[in-house]
Structures are given as C-alpha cells and as structure tokens.
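J.: Spelled out from the first residue to the last, the chains are:
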Amino acid sequence: DTEVTQTPKHLVMGMTNKKSLKCEQHMGHRAMYWYKQKAKKPPELMFVYSYEKLSINESVPSRFSPECPNSSLLNLHLHALQPEDSALYLCASSQRTPQGIGTNEKLFFGSGTQLSVL
Amino acid sequence: DQQVKQNSPSLSVQEGRISILNCDYTNSMFDYFLWYKKYPAEGPTFLISISSIKDKNEDGRFTVFLNKSAKHLSLHIVPSQPGDSAVYFCAASGRSSNTGKLIFGQGTTLQVKP
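Heads up: the protein sequence lines correspond to chains A and B, in order. First residue of the first sequence: 1, per our numbering; consecutive thereafter. First residue of the second sequence: 1, per our numbering; consecutive thereafter.
With the rest of the complex left out, here is chain B (with noise of 0.2 Å):
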C-alpha cells in the first residue's frame, strides 16, 4: 500500500524553464510534507517543506504547492539550472498516526539540459 505516489519517475527540462514535480497521497492524516533532492552516492538532503496549515511555501528558487482536498503536492523550481539534476523524493509524516515516520515517494529523476 503506497501511501505517498510520485507517479512520474523520470522529467527532462531546458535550463532556466520551470521543473514541476509532482506528488499524491493516501492518507489524510498526514499533516508535514518534505522534499529531499539525492544525488547518485550520496544521502537524501533536506530541499524544502510545508505545513498543512499552508498551501504554498516559497524558498529561493524552490516553491511548494499543497492541495489538501487533492491530496496533492507539488515543487517548482524556477528557473531550473543543471546542478538540479537528481532524484527528488517526496516524503510525508504524520504527528497523529502512531510513528510519525517519513513515509517517502518513489522518486522523480530530474535531468535539466544545459
């Protein structure tokens, strides 16, 4: 049971266009979603995040969209530039379900072409 979907795995983008990436979920509980950027060899690192108390939260060139009645979520990166190529995961977490762990998306490979 995949409670966090990122559907698309792979997106490829012209430098200094707009990347979209994409994420669902299932269950209603979760209240904080993450993204992480992970580059091959390397950890997960910490890119941006969003409450749901908030519909958008805005960093530098990264910008998060939470669709609570979708259950949807979303990161744009404007402009995008090729040190952005990486997998990004979408993760969730929720304060009132029994853990609170991070539940983590399949991943969205993003190449930017120079």
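Chain A with its partners taken away, still in its complex shape (with noise of 0.2 Å):
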C-alpha cells in the first residue's frame, strides 16, 4: 500500500460551521504534512507532524487546528474558515522526518480536499 488517502474529496462550509479533513497511510512513515495549495500557485506547508508530534507550524492561523491520533492518520479541524482559505488541502507522508529529508527523502501525497469557504 502506497498511498494516502484523503476524505473527504471536496468540502464546501459556512464561515461559522466547524469541519474536519482526514488523511490515512499505511506505508510506516513517521512524517505527515498538510500543505495548501491556491490556483495556480504551488503547494505551501503549513504544518508537518514527526513521531505524532507538532514538529513544524509554518504561522498558520488557529483557525486551522492539526491533530495527530496516531502514526497513521492525521487530521486538520477547521473553525470560522474565511473565503480566502478556500483551496486544495493537501495530506503528504514521508518515511523520514524532515530533518532527514535532504537525504534522498520524498513525499508521498493525497490527493486533496478542495475546500470551498463561502
């Protein structure tokens, strides 16, 4: 099993609803990601999880809120989204933590929520 799956697939809420966007792998790795990604502009990291734990918060507002269960799935709560955030979510994993990225390392994504806020 080579992938990371995301749910859900598309996702469209109010600015006051509360959601939650989901990823799952089962390749062992011990790094998970979420990036956003706008149109036509490339992926940007906003938080990477390594042994379950926060390791990287790239100043994300608190309404995003990332959370770790366990060394298979991550997800990302979100609360009071504005218009602005709408884009794809994208979930990634790597075998390796990024300290150790440089070292031949690769991220393996999902294939996104496209989150509209309205």
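Quick caveat, the hints were computed from the structure, so don't treat them as lab data. One or more hints might be untrue.
To be verified - Below, a list of computed lysine-lysine pairs in the DSSO-like style, where the Cα atoms sit at most 30 Å apart:
#1 Lys38/A / Lys19/A
#2 Lys106/A / Lys101/B
#3 Lys37/B / Lys68/B
#4 Lys41/A / Lys56/B
#5 Lys19/A / Lys41/A
#6 Lys106/A / Lys37/B
#7 Lys41/A / Lys37/B
#8 Lys37/B / Lys9/A
#9 Lys71/B / Lys41/A
#10 Lys53/A / Lys41/A
#11 Lys106/A / Lys9/A
For clarity, every value in this text was computed on a predicted model and none was experimentally measured.
Two chains, each in its own frame: build the complex with the hints.
T.: Here it is as structure tokens:
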C-alpha cells in the first residue's frame, strides 16, 4: 500500500461551520504533512508532524487546528474559516522526518480535499 | 521571496519530441531537488530526484540535470507522450536548513500534442 488517502474529496462550508479533513497512510511513514495549494500556485507547507508530535507550524492561523491521533492518521480541524481559505488541502507523508528529508527522501501526497468556504 | 522559480508557466511539444522543463533556485544551501507531476484533481506524484553531489539522474524517459554553479536544474522527457500532459513542479530542500522542508516552484503546465 503506497497510498495516502484523504477524505472528503470536496467540502463546502460556511464561515461559522466546524469541519474536519482526514488523512490516512499505512506505509509506516514517520512524518505527515498538511499543505495548502491555491489555484495556479505551488503547494505551501502548513504543518509537519514527526513521530506523532507537531514539529513545524508555518505560522498558520488558529482557525486551522491539526491533530495526529496515531502514526497513520492526520486530521485538520477547521473552524470559522474565511472565503480566502478556499483551496486544495493536501496531506503528505514521508518515511523520515524533515530533518532527514535532504537525504534522498520524498513526500507521498494524497489527492487532496478541495475546500470552498462560502 | 521565491527561492525556487519556474519561469515558464506553460510548454507545448509534439508527441515523440523532447520536453525540457526548467527550474532555478536562489538558496545555495539546497542539496536535494525533486520533480513532481500533478494531474487536475489529484495530488502531486513524485517523478524523479537528484542530490547535489550529482549532476545527472536518469529514470527511463525522464532525466534531471543539475548545474550547481548556475543554480539551475532541468527535467528532460524523451520521447514525450500525450499522457505526460500535466503540471510539473520543481521542489528543493536543504538538510542544513532550519527545517529541511520542501520548497516548491510555481509549476509548468506541459501539453503534449498527439
């Protein structure tokens, strides 16, 4: 199994809603990531979990709350989002943690959740 | 501050010919470079990578060239196939940087015409 699975594929929510994005991998990878990608822009890193602990937060607003219940699962809880938060949210995993990523490591990405905030 | 740049937003080539996608970077601490391919409504998929100790890496139809002095890398696809039509992202990371995270370029949309 070399897949990163994300659910839901599409999500429409209002600015007062609370929703969660889910990500799962069964490759035994020790690091998991959330990226955000706006149309015609590159993916931008939001959070990194290494060994189930938050290791990197790229100054993301608190309306985005990540959670790593176990080594295979990664959630992103959403609350009081703004329309400008509409984007493709990508989950990724890597066998080693970011400090080792320079040594022939690569990220495996899920298909993403296309989020629209109304 | 764009540390990884793909200056060509799009490229169109004929099937069977060579596709050359270019990428420039500014951070001399980057020591690992990757190319990802992305179809619409899908996540990026890893294509090929190169370490800074090498200047070329080849995998089937895909070859990546690295010119460290020019801080430039390129992806060659030969022969190009219609199924190669996608957005290609160049990415870089530096083991000695503060996080080792991947920095992506803006992407180049490749269209291969039958």
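J.: Compare the structure with the hints numbered earlier in the document and write down the numbers of the violated ones, lowest to highest.
T.: Those not satisfied: there are none.
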